[in-house]
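Q: One letter stands for each residue in the lines below.
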Amino acid sequence: MTFIWAFLIAGTFCAIGQIILDNTKLTPGHVTSLFTVLGSLLAFFGVYDKLIALGGGGASTIISNFGYMLYTGALEGFKEFGILGIFSGMLTKSSVAIVSSIVFAAIVALIFKPKD
Amino acid sequence: MNKEEYQKLVKKYEPKENKIENVVYAFLIGGLVGFIAEGLIILLMNFFNLSRLIAASWTCLIIIFASSLFTALGFFDNWMTKAKAGLLLPTTGFAHSVSSSALDYKKEGLITGLGSNFFKLAGSVILYGILSAFILVIVRVIIGG
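Residue numbers (my numbering), protein chains in the order written: chain W, 1145 to 1260; chain X, 72 to 216.
Since the hints were derived computationally from the structure, they do not count as laboratory data.
Just to be clear, a hint being listed does not mean it is correct.
To be verified - Distance condition first, Cα-Cα at most 20 Å in a straight line; then the derived SDA-like pairs of lysine to any residue: (1) W:Lys1257 <-> X:Leu140; (2) X:Lys153 <-> W:Asn1167; (3) X:Lys191 <-> W:Val1247; (4) W:Lys1257 <-> X:Thr183; (5) X:Lys153 <-> W:Asp1166; (6) W:Lys1223 <-> X:Val212; (7) X:Lys191 <-> W:Val1181; (8) W:Lys1223 <-> X:Ile206; (9) W:Lys1223 <-> X:Leu140; (10) W:Lys1257 <-> X:Glu179; (11) W:Lys1223 <-> X:Ile213.
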């Protein structure tokens, strides 16, 4: 059942993104930023937790998950260390995504030549 | 041929962007990415006895690795244009933007090219993600005490 939800949740996010891309003048850069902010907003209202519980991999591959991880990381940091925790905890959960995209992008850029 | 006829002719041969088709494509491909991610999570959980959280992190790593590699091999750009938002909104889009700007600006030097243009596209995601999360946590702390 999680498979079906994963498909539906990820698909719905992408379909909404496509509708925004086609009907407004926003660029892909705008839309990805918008969905990241949307992710932290949904986390704020407690909706994203439910999406993750429902559709696991579907909800956690969408870029909105980045906003969700930033929000929950910062909130958990606050609960543990107070104000400082907001700063120290913010990136803890999203570290995998940021560090891996930096490392892999740097490696492939050094090895491969750009195709045109 | 007068101007009006010409405009009609242009309109006739203009490639029509089928919006409904685009949305269906985005839905199916985005859904497929979510489906594969969920499959990887379940696979890793069962094969290596990992918790769901750890398996999800590994899945994120694998997807980012795959999209960086596919970008470097050159065929991911074609996929991106066909799938549109279907590959843009999953983590694949983020990894693609980082690795494609890294590849494109490498020729301008390691510091002034690669280094300073690395986050050209992904920078706004990180900036506005952190900014919005920061503000919302402050609001949450004030409301929730």
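Q: Give a verdict on every hint.
A: Structure-based check of each hint:
1. W:Lys1257 <-> X:Leu140: Holds - the C-alpha atoms of Leu140 of chain X and Lys1257 of chain W are around 12 Å apart, at most 20 Å.
2. X:Lys153 <-> W:Asn1167: holds (18 Å)
3. X:Lys191 <-> W:Val1247: Holds, because 16 Å separates the two Cα atoms, which is no more than 20 Å.
4. W:Lys1257 <-> X:Thr183: holds (18 Å)
5. X:Lys153 <-> W:Asp1166: holds (14 Å)
6. W:Lys1223 <-> X:Val212: Given pair Lys1223 of chain W, Val212 of chain X holds - Cα atoms ~9 Å apart, limit 20 Å.
7. X:Lys191 <-> W:Val1181: holds (18 Å)
8. W:Lys1223 <-> X:Ile206: holds (16 Å)
9. W:Lys1223 <-> X:Leu140: violated (39 Å)
10. W:Lys1257 <-> X:Glu179: holds (13 Å)
11. W:Lys1223 <-> X:Ile213: holds (13 Å)
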